[in-house]
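These are the residues of each chain, in order.
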Amino acid sequence: MAFEWFKKKRSDESMPPVSAADTPVTHATVEQTHAVAEVAKSGGSRSFARRIRSLFTGQLFDADHIDDLEDILLLADFGVDASADIVASVRKQATAAGAKTESELKAILVSVLTQSLEVPNRELNLTGDQLPYVFLVVGVNGVGKTTTIGKLTAWLAEGDWDVVIGAADTFRAAAVEQVATWAARSGAKLVGPKVEGQDPASVAFEAVETAVASEADIVIIDTAGRLQNKQGLMDELGKIRRVVEKTVPVTEVLLVLDATTGQNGLAQAKAFAEVANVTGVVLTKVDGTAKGGIVYSIQRELGIPVKLIGFGEGINDFAFFEADEFARGLVGI
Amino acid sequence: MFGNLSDRLAQTFKNLRTKGKLTPADIDTTLREIRRALLEADVALEVVKTFVSAVRERALGDEVNKALNPAQQIVQIVNEELIAILGGDARRIQFAKNPPTVIMLAGLQGSGKTTLAGKLAKWLKDQNQTPLLVAADLQRPNAVNQLQVLGERTGVPVFAPEPGNGLGNPVKVAKEAIKFATQKQYSVVLVDTAGRLGIDEDMMQQARDIRDAVNPDEVLFVIDAMVGQDAVNVAKAFEDGVGISGVVLTKLDGDSRGGAALSVASVTGKPILFSSTGEGLDAFEPFYPDRMASRILDMGDVLSLIEQAQRAFDAEDAAKMAEKLAKNSFTLDDFLDQMQQMRKMGSMKAMLALMPGAGAMREQLDNFDEKEIDRTEAIIRSMTPGERRDTKILNGSRRLRIARGSGMTVTDVNSLVNRFEQAAKMMKTMSKGGIPQGMPGMPAGMQGMGMGGFGGGKSKAKDKKKGSKSGNPAKRAAEEAARLSGEKPSDGSAPAGSAFGL
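Here the protein sequences come in this chain order: Y and U. Just so it is clear: in the first sequence, position 307 is 1151 by this note's numbering, and no numbers are missing. Just so it is clear: in the second sequence, position 480 is 694 by this note's numbering, and no numbers are missing.
Warning: the hint list may mix true and false statements.
Distance condition first, Cα-Cα at most 20 Å in a straight line; then the derived SDA-like pairs of lysine to any residue [unchecked claim]: (1) U:450 <-> U:423; (2) U:450 <-> Y:1074; (3) U:450 <-> Y:928; (4) Y:1074 <-> U:263; (5) Y:1074 <-> U:363; (6) U:263 <-> Y:928; (7) Y:1074 <-> U:495; (8) Y:1074 <-> U:498; (9) Y:1038 <-> U:363.
Note that these hints are calculated values from the structure, not bench results.
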């Protein structure tokens, strides 16, 4: 099928790639189908590497300084075990290759990091034969869920996807208004609670119903921030998922993770994966001094890929995660 | 999952049990574990390094405390040092001589400033202050709106002349707010500012401008307890950029260990004034350094057990129990007795949660049914005194009677009797310095926890191979019991040799 969502984008090459769809997607009554651009990765991605500050700012890294690497990784929140593992791998490969200079060692480090960060299914799941696709956005408080939704919606709208946002954060003061502002910026339809404190699952359900009725392509559901050890709130999340799936399957569950998060990030990912079957991580706020090294353990231990990366308050400040680019950004080459 | 610090320390010290004093090598081994625990708690690396070397010095020079084993000694030193950093100059909000007192909130995006502003407003109101909330976060979509909603909920007026969402000048708003508050005689002005990155020079300049415009009595740095190594950079950036007078730790109701608290306190030298602990507007309390210290170390209530260890425990009780064990006269009555003592100490579940390693065993705790104790009690109470003394006389007809009497099934009775017999056997072995296999005396729901559930861990069960060195059976039994209860000598309320390892 020849319909390309990114027909115009392909030449402009400013947009990130999405996975190629072999089978065209059909919407029951809409003639329009969304195949996804077979944009080569090299041509499509926004660059985020330069938004990450190098681990080695003002640090020498050569054969005499391999030992320092462990501290450097610890400082980037990789954690005790992962840091030790990475240093061991780098040392092993360096010995095998006889690498001594800074650039040789850095290249080895990049390849070690890339290899462990490389996982399949990194693309947003925008395929499948049933529209609308449903994205559930989850995470602890204050990580940037709503901002992520705003950016993602704007990007999708640009690609002519018809988006409905379900404002299911009915808990925090003015959360609905916050997501409404983003929806207005990108022209998405908003479905919010009709009464204050309405059950979030029912808001999510209504959002999906609205999307089905208006033949929208994607529903993005904003959920309230919740700490992963609050069982009641986590159960609520499971309920949202179940209720939505009465109508259509949830295609993506994105866990938003703040790059400043330390070792607790792993606990967060575990808990959310358990109740909501997380399909991808969105790493936000990498434009600060934090590196988000905890995603390394999350990917390795839980196999959940990082899909998106956010770096600022602007509507375009996000990109699709690439292991190699992330590794290069961290190492600074 | 990682074992917690107390478990790992126990492992480290399995061969040091009988030593009275630590060698430098012992100290290094222990400190490596402490270092790891601190790093896993997200304490910043530079803080960990300084901290660990300070502890090393003290440990080398410290007098030997006879009541504590070497691991406990170091943990105690660590704990004291942690509290010293966290609680240095503990103080409360400083109110200005001439109202209004101006409090400015600053921090990263998503650290919880606006929510905190609402909580602080409510708290101040409850202290008979008349607070005014100022919406100077004009950046984030609907931050102003959020503050207005919080104002409504708390009944605190909000000064919000600008709509926000990128419109309006926060410095001007802040300045006008002070004028307004002075005129209307509000006693405290709470200025909510936009979240900003420490490296965003424009935004830091704006923060300085707001500060200069309002001349605050307090600049509170708000930081999320889940923050990792970056806490140090952020704290330094805000300290250098705006200058802070105190710290507020948010999201402490999560399960993060909160090492950021130590990082920030240690790097800025500024006191932590409050912790914010939940979704409700009341979920806000003064900061407690000692609680935070145990949390960072993931030591549960071990620290208070250490304190208790320094007092003498009831040696008479322990001796009596050891004697019973040795004579094989441990009966179902004693079993019940112990269970009731534990019951007295409060809810089982709550108590187990205090034990070291509770983090990892939360799931088992949730699965544990406290009713199990009730059922066990019912079965034992349906027995005659003779049956309680000697389970061997329990034939089929007796068992059926007991099952009926307690409303349980014969299978339940059988399984209790089996558990009891195994427990008695195990404790007898233990009292002779043998190797107990598992902990079968526990109610069924707890068996999955094994020794680990009670402060052990499989690794520790192996420790028993070494056995006790004491020639005195009473002392030996007491030591074994102490070992079972998370390496800590038990206090008087739980006699040594308890079937529950407490």
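Each hint, compared with the structure:
Of the pairs offered as hints, the one joining residue 450 of chain U and residue 423 of chain U holds, with about 19 Å between alpha carbons and a cut-off of 20 Å not exceeded. Between residue 450 of chain U and residue 1074 of chain Y the CA atoms are separated by roughly 32 Å; this puts the pair beyond 20 Å, and the hint is violated. With a C-alpha separation of about 27 Å, the suggested pair residue 450 of chain U and residue 928 of chain Y falls outside the 20 Å cut-off, and the hint is violated. Annotation: proposed proximity of residue 1074 of chain Y to residue 263 of chain U is violated, straight-line Cα distance about 33 Å (limit 20 Å).
The straight-line distance between the Cα atoms of residue 1074 of chain Y and residue 363 of chain U is roughly 24 Å, outside the 20 Å bound, and the hint therefore fails. The hinted pair formed by residue 263 of chain U and residue 928 of chain Y meets the criterion: a straight-line CA distance of about 17 Å does not exceed 20 Å. In summary, the hint linking residue 1074 of chain Y to residue 495 of chain U is supported, as the alpha carbons are separated by about 17 Å, within the 20 Å threshold. For the hint pairing residue 1074 of chain Y with residue 498 of chain U, the CA-to-CA distance comes to about 17 Å; that is within 20 Å, so the pair holds.
For the suggested pair residue 1038 of chain Y and residue 363 of chain U, the alpha carbons sit about 17 Å apart, so the restraint of at most 20 Å is met.
Checked against the numbered hints listed earlier, the structure breaks hints 2, 3, 4, 5; every other hint is satisfied.
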